[in-house]
Amino acid sequence: MREVFAFLPYVVRTALRARTRSLLTLLGASMAMALFAFVRTVDDGVQALDERSQQPVLVVFQDSRFCPLTSELPLRYERDIAAVPGVAAVLPTLVFINSCRSNLDLVTLHGVAQDDLENLYDLELLAGSVAAWKTASDGALVGERLAQRRKLEVGARVRLGEVDVLVSGIVRSTFAGVANLAFVHLDQLGLARKRQGAATEFLVKVAPGADPEQVAQRIDDHFRTDEARTDTKSMQAFVAAAIGEITQVVEFARWLGYLAVLVIVLVLANTVHISAESRAGEMAVLETVGMTKGKLMALIASEGIGLGLCGGLIGTGIVVGLLTAWPVTLGVEGYGIDLVPGPDTVLHSLLAALAIGVVASLIPAFSVARRPLHRAVKEE
Amino acid sequence: MLSFSYQLRNLLRRRARTAATIGGIAATTMLVIAMNAFADGMTTAAAGSARDDTVFLLGVSAEVDLVRSVIPRGSAEVAAAAAPGVLTVDGLRAASVELHIATRTGDQVGLIRGVTEAGYLVHPQVTVVDGREPRAPFEIMVGSLAGTRMGLPPAELAVGRTMRLEHRDFTIVGRFAAPATTFEAEIWARLPDVMLATKREDVSCIVLRLERPENLSEVQLFAGRRLDLEITAVTERELLQTLASSLGPIAALARWMAAMAVIAGAFACANTMFAAVLARTRELATLRALGYSPFAVAAGLVQESVMVAFAGGAVGSLLAFAIGSVSLRYPMGALQLEPDLPSRAIGLSAALVSGLLGGIVPAVRAVRIPLVEAIGGRA
Numbered sequence: 366m367r368e369v370f371a372f373l374p375y376v377v378r379t380a381l382r383a384r385t386r387s388l389l390t391l392l393g394a395s396m397a398m399a400l401f402a403f404v405r406t407v408d409d410g411v412q413a414l415d416e417r418s419q420q421p422v423l424v425v426f427q428d429s430r431f432c433p434l435t436s437e438l439p440l441r442y443e444r445d446i447a448a449v450p451g452v453a454a455v456l457p458t459l460v461f462i463n464s465c466r467s468n469l470d471l472v473t474l475h476g477v478a479q480d481d482l483e484n485l486y487d488l489e490l491l492a493g494s495v496a497a498w499k500t501a502s503d504g505a506l507v508g509e510r511l512a513q514r515r516k517l518e519v520g521a522r523v524r525l526g527e528v529d530v531l532v533s534g535i536v537r538s539t540f541a542g543v544a545n546l547a548f549v550h551l552d553q554l555g556l557a558r559k560r561q562g563a564a565t566e567f568l569v570k571v572a573p574g575a576d577p578e579q580v581a582q583r584i585d586d587h588f589r590t591d592e593a594r595t596d597t598k599s600m601q602a603f604v605a606a607a608i609g610e611i612t613q614v615v616e617f618a619r620w621l622g623y624l625a626v627l628v629i630v631l632v633l634a635n636t637v638h639i640s641a642e643s644r645a646g647e648m649a650v651l652e653t654v655g656m657t658k659g660k661l662m663a664l665i666a667s668e669g670i671g672l673g674l675c676g677g678l679i680g681t682g683i684v685v686g687l688l689t690a691w692p693v694t695l696g697v698e699g700y701g702i703d704l705v706p707g708p709d710t711v712l713h714s715l716l717a718a719l720a721i722g723v724v725a726s727l728i729p730a731f732s733v734a735r736r737p738l739h740r741a742v743k744e745e
Numbered sequence: 142m143l144s145f146s147y148q149l150r151n152l153l154r155r156r157a158r159t160a161a162t163i164g165g166i167a168a169t170t171m172l173v174i175a176m177n178a179f180a181d182g183m184t185t186a187a188a189g190s191a192r193d194d195t196v197f198l199l200g201v202s203a204e205v206d207l208v209r210s211v212i213p214r215g216s217a218e219v220a221a222a223a224a225p226g227v228l229t230v231d232g233l234r235a236a237s238v239e240l241h242i243a244t245r246t247g248d249q250v251g252l253i254r255g256v257t258e259a260g261y262l263v264h265p266q267v268t269v270v271d272g273r274e275p276r277a278p279f280e281i282m283v284g285s286l287a288g289t290r291m292g293l294p295p296a297e298l299a300v301g302r303t304m305r306l307e308h309r310d311f312t313i314v315g316r317f318a319a320p321a322t323t324f325e326a327e328i329w330a331r332l333p334d335v336m337l338a339t340k341r342e343d344v345s346c347i348v349l350r351l352e353r354p355e356n357l358s359e360v361q362l363f364a365g366r367r368l369d370l371e372i373t374a375v376t377e378r379e380l381l382q383t384l385a386s387s388l389g390p391i392a393a394l395a396r397w398m399a400a401m402a403v404i405a406g407a408f409a410c411a412n413t414m415f416a417a418v419l420a421r422t423r424e425l426a427t428l429r430a431l432g433y434s435p436f437a438v439a440a441g442l443v444q445e446s447v448m449v450a451f452a453g454g455a456v457g458s459l460l461a462f463a464i465g466s467v468s469l470r471y472p473m474g475a476l477q478l479e480p481d482l483p484s485r486a487i488g489l490s491a492a493l494v495s496g497l498l499g500g501i502v503p504a505v506r507a508v509r510i511p512l513v514e515a516i517g518g519r520a
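These protein sequence lines are chains A and B, in that order. Mapped onto the working numbering, the consecutive letters of the first sequence carry residue numbers 366 to 745. Mapped onto the working numbering, the consecutive letters of the second sequence carry residue numbers 142 to 520.
Careful, some of the hints might be misleading.
Said to hold, decoys possible - One side of the interface only, derived from the structure: several residues of chain B facing chain A at Cβ under 7 Å:
(1) GLY165
(2) LEU172
(3) ALA243
(4) ASP248
(5) GLU307
(6) PHE408
(7) ALA416
(8) ARG470
As the list claims (entries may be wrong) - Taking lysine-lysine pairs in the BS3-like style, the calculated list, with each CA pair at most 30 Å apart, reads:
(9) A/LYS570 to A/LYS598
(10) A/LYS559 to A/LYS598
(11) A/LYS559 to B/LYS340
(12) A/LYS499 to A/LYS559
(13) A/LYS499 to A/LYS570
(14) B/LYS340 to A/LYS598
Hints in this document: simulated from the structure, not taken from any laboratory. No experiment lies behind these values; they were computed from the predicted model shown. Heads up, the beta-carbon is just placed ideally off N, CA and C, and yes, glycines get one too.
With these hints in hand, go ahead and build the complete structure from the sequences.
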């Protein structure tokens, strides 16, 4: 390994010797790697939402309903659900979202009873106060991502989802979706949306030791002949169903990412090939003075790997920079898929760049190794 | 000017390099076609079917969103019967009372539209292509993309099959097409059946087809005056444009990705041409010494670059054509990615732009090298 690093200055000098060629390759690889990193970010965002939904909580929704805008359950169901064995806490929630379709400007309002909120959610207050929210009838506790996207601060009066609210606090939670929603008072939202006495869903905390599936079954059985039938699922299954709606789009984006990778492989392979061809004589001299074929191949490959890695760094950097400056959240059925390139995304992109560099260098490196010394020397 | 055969021979002289560049440009072209088809599919399906003579009457709290719109059935019937300026065909008013439902069965989400006979008058884009429209209780007809929307194979949506929706069995009696519209992902049934199955006592909207688009102001006046009905009039164009604008940012994102792919392709071309220029410094200088003008030499190099790009673009377009159309499901809809002629033309144009941009800089550089130095082989 030390020997390989000893040749690093030589590799850098070689790349700098053909500055324009190296720069063009770098820029091409950067653009394609930016595409790849973006697709990875979408993929990781979906996975992160799925992981955050793994909570011991059930969601009671109206049966056969797709979007929160279409589910309507009587508020009186709360008492009956609380009485079901195995239920530790119930939170009636009236949900309003600005669109059931995919969008990049998701706003979700959760109208909840102020005293029950903390029974269900594990909230970390980042700014403001929960007490201020409880006392202000138009108060809102805003998720940190929504606050970041809309540049909201505590004390601001804003219009969210067609409702005027006062930002009383900014919160963080490990729960799926909380980052992109604002908690408002149930009565206020019911009045604003003309849905008093109704809830979109009930969140149910399962008592320790109780079987969530049995509890869900009991709830659905209880309301089977009532005014509105219920469909109770675990939070994870509920979020997974929402994510399922964009699975095909994500899969399509993934294929585009692979195409971008193919573009980089071909551009890099071309560059390394040109570089190896133009230095055939030089390589022969190195071989003559004792360098082994393996080391010659490593020399050729290191240029491709270096350019690939640099392209990966620049491309991933572009995506990280842009998505940090302009936060993007993809909304799906009221849940937000945050496009945040985290350490995993960066690591995956750089590993991909490394692999691309290796693959792109293979053919040129082998072609150098296979060239007979006498013919290569003649080219010097 | 340099001859075409000379440029072609030059490209064939370095086959591996040319093939790699063609491959890169082909992949870039496919990326551009795919992203463009995706962006087009998103926005065209939303706004492409808008008609100026069609007006929606929605519940006042709905803004311009059909999913949020709720109107009591009685009010809807009154509005459908009393709205002015509505077209009449064979004694039937083109005023369709509709209920739109997104229903979930397991992992499948279907979009059901409950319609009356007038529904076929107000939505002329819909054509029955197999079987017939629903006439008897609990019959449905399915759109061409309903299978994609629900993740079901075509065989399960064949005429004569039964589909369970909202805890009821519906018989499929027809299939319909409505190209480039949101209808394609829907399932249509009779309004009373959908209301019964979903236990709904209200409807989503009333769709009116006017005798002439100018009658819109009369309808708006009617909606504004009849406060008891709690309705608002919105043109189909306005409604679908709102939908398209919500999907617009996603389409824009796709187009940005396509632009990045074009830039990457341009760099690939430029790279190849730079290598070609460097390897042929002496040859190009000889051409200049023989009397070819710098412009002719530069133009020849740009032509070479464009030829490679054209070959790559053609390969990419052919591959996209061979792969064919792809259907994708997205929340509350489905779209068909069609690598049609315009999409392929855009892909090919993007490839040519890549070739042109990638060829200009190396060409200019080649002719700016002093002739004496170039003949000496110093680039």
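Tell me if B/ASP248 is really an interface residue toward chain A, meaning its C-beta lies closer than 7 Å to one of theirs.
Since chain A brings a Cβ to about 6 Å from B/ASP248, closer than 7 Å, the hint holds.
Would you check the hint for A/LYS570 and A/LYS598, treating anything up to 30 Å between C-alpha atoms as holding?
holds, 12 Å
Holds or violated: A/LYS499 and A/LYS570, Cα atoms, limit 30 Å.
holds, 22 Å
Check whether the Cα positions of B/LYS340 and A/LYS598 lie no farther apart than 30 Å.
Between B/LYS340 and A/LYS598 the Cα gap is close to 22 Å, so the pair holds against 30 Å.
Agreement of A/LYS559 and B/LYS340 with the hint, judged by alpha carbon distance not exceeding 30 Å:
holds, 20 Å
Does the interface hint hold: is B/GLU307 within less than 7 Å of chain A, judged Cβ to Cβ?
With Cβ-Cβ at 5 Å, under 7 Å, it holds.
Hint validation: B/GLY165 versus chain A, beta carbon distance must be below 7 Å. Holds or violated?
Constraint on B/GLY165 satisfied, holds at 4 Å.
Between A/LYS499 and A/LYS559, is the straight-line Cα distance small enough, at 30 Å or below?
Holds, at roughly 22 Å.
With a cut-off of 7 Å on the beta carbons, see whether B/ALA416 makes it to chain A.
Because about 4 Å separates B/ALA416 from the closest Cβ in chain A, which is inside the 7 Å limit, the hint holds.
Hint check: is the beta carbon of B/ALA243 less than 7 Å from a beta carbon of chain A?
holds, 4 Å
Closest C-beta approach of B/ARG470 to chain A relative to 7 Å, hint status:
holds, 5 Å
Hinted pair A/LYS559 and A/LYS598, Cα distance within 30 Å:
holds, 27 Å
No hint from the list above goes unmet by this structure.
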